[in-house]
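Enquirer: Quick note, the sequence shown lines up with residues 1 to 264 if you use this note's numbering.
These are computed hints drawn from the structure, not numbers from a lab.
Note that CB positions come from ideal geometry on N, CA and C, so glycine has one too.
A portion of the hints provided could be inaccurate.
Between beta-carbon pairs, the in silico distance windows are [what the hints assert, rightly or not]:
(1) Ala35 <-> Gln150: 43 to 51 Å
(2) Ser241 <-> Ile151: 44 to 52 Å
(3) Val112 <-> Gly220: 15 to 23 Å
(4) Gly36 <-> Gln150: 46 to 54 Å
(5) Val112 <-> Gln150: 40 to 48 Å
(6) Ala191 <-> Leu252: 22 to 30 Å
(7) Asp101 <-> Gly36: 13 to 21 Å
(8) Phe69 <-> Ile117: 28 to 36 Å
(9) Ala44 <-> Gly105: 22 to 30 Å
(10) Gly36 <-> Ser81: 26 to 34 Å
(11) Gln150 <-> Ala44: 32 to 40 Å
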Amino acid sequence: MGFGQGLVILTGGIDLSVASVIGLGAFVTGILANAGVPVLAATAIAIGLSALFGFINGLFVAYAGFPPFIVTLASGTILASILLGVSKGAPAQRSPSVLADIFSGRIAVMGVPTPIIVLVIVVLLGLLIQNRTRLGRQAYCVGNSVRATQIAGLSVPATLIAVYAVAAAFYGLTGVMLLGYSSGADLNIGASWLLPSITAVVVGGSSIRGGAGSFLGTVGGAVLLTLLGICISAAGIPEGSKQVLYGVIILLALVGARFSQRGR
Numbered sequence: 001m002g003f004g005q006g007l008v009i010l011t012g013g014i015d016l017s018v019a020s021v022i023g024l025g026a027f028v029t030g031i032l033a034n035a036g037v038p039v040l041a042a043t044a045i046a047i048g049l050s051a052l053f054g055f056i057n058g059l060f061v062a063y064a065g066f067p068p069f070i071v072t073l074a075s076g077t078i079l080a081s082i083l084l085g086v087s088k089g090a091p092a093q094r095s096p097s098v099l100a101d102i103f104s105g106r107i108a109v110m111g112v113p114t115p116i117i118v119l120v121i122v123v124l125l126g127l128l129i130q131n132r133t134r135l136g137r138q139a140y141c142v143g144n145s146v147r148a149t150q151i152a153g154l155s156v157p158a159t160l161i162a163v164y165a166v167a168a169a170f171y172g173l174t175g176v177m178l179l180g181y182s183s184g185a186d187l188n189i190g191a192s193w194l195l196p197s198i199t200a201v202v203v204g205g206s207s208i209r210g211g212a213g214s215f216l217g218t219v220g221g222a223v224l225l226t227l228l229g230i231c232i233s234a235a236g237i238p239e240g241s242k243q244v245l246y247g248v249i250i251l252l253a254l255v256g257a258r259f260s261q262r263g264r
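Build the full structure now, drawing on both the sequences and the hints.
Expert: Following this line, the structure appears as structure tokens:
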């Protein structure tokens, strides 16, 4: 999830559809698996639909010229409404036993719990995409200067579309993982993850204005936020304080970006 948001922010955008796409990934996987579709196929379909949704977001951002936060806020709201209508307010989807076993840590490979293995794979995949692929390099270029990217002969629209599609695929994967971890999921499973997805990227050293940042930094930011959350819980501070903290961090990042821009 943090990788997807980080990739979007790298291009100078921001994705507010995170929560809805996480819900899409969890809902589709749960409903298909419980209907008898093999778990692997259900997961692939869920991630594919998530990527398709991101592709549509990318089209609007790239060709319609609308601000990314407007596009993703509107599309996320539409998606949430569609999912609510399709589910008809049904209760939480039960997690397939295989996913529950994998993401709850009941299974271990050579003594290593499977959630850790999955985490390592996702981190390596994120590093590969951001640092070793054409998409990752072009995302940096777009974030630094759209005009310079165009002069270099690179397609800005194609880059943006691919970025939003890949980001949404990772959100969908997050939904699948949360479905397994919680042994069930409802449409609101991603509601509390929007602010953390942005905050982890900012804390990890990425510029909120785009063009600078690393996935390893985002991972470090996520770890730091997790530790802060544990400390907040241990101190008996209300959970809502975490959301306040995330909001304050994002505001400080915006203020810092504004002063940096003026300094130039």
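Enquirer: Are the hints correct? Go through all of them and say.
Expert: Outcome of the hint check:
A C-beta distance of roughly 47 Å is found between Ala35 and Gln150, which places it inside the suggested range of 43 to 51 Å. Between Ser241 and Ile151 the beta carbon distance is about 47 Å. The supplied range of 44 to 52 Å therefore holds. Distance hint for Val112 and Gly220: a CB-CB separation of about 21 Å, consistent with the stated range 15 to 23 Å. One distance hint, 46 to 54 Å for the beta-carbon pair Gly36 and Gln150, holds here, with the actual separation near 49 Å.
At about 46 Å, the beta-carbon gap between Val112 and Gln150 stays in the expected band of 40 to 48 Å. A hinted range of 22 to 30 Å holds for the C-beta pair Ala191 and Leu252, which are about 24 Å apart. Hint check: Asp101 to Gly36, Cβ distance near 19 Å, so the stated range 13 to 21 Å holds. A hinted range of 28 to 36 Å for the beta carbons of Phe69 and Ile117 is consistent with their spacing of about 35 Å.
Checked against the hint of 22 to 30 Å, the pair Ala44 and Gly105 passes, with Cβ atoms roughly 23 Å apart. Evaluation of the 26 to 34 Å hint for Gly36 and Ser81 yields a pass: the beta carbon distance comes to about 28 Å. The hint said 32 to 40 Å for the Cβ distance between Gln150 and Ala44, and at roughly 35 Å that hint holds.
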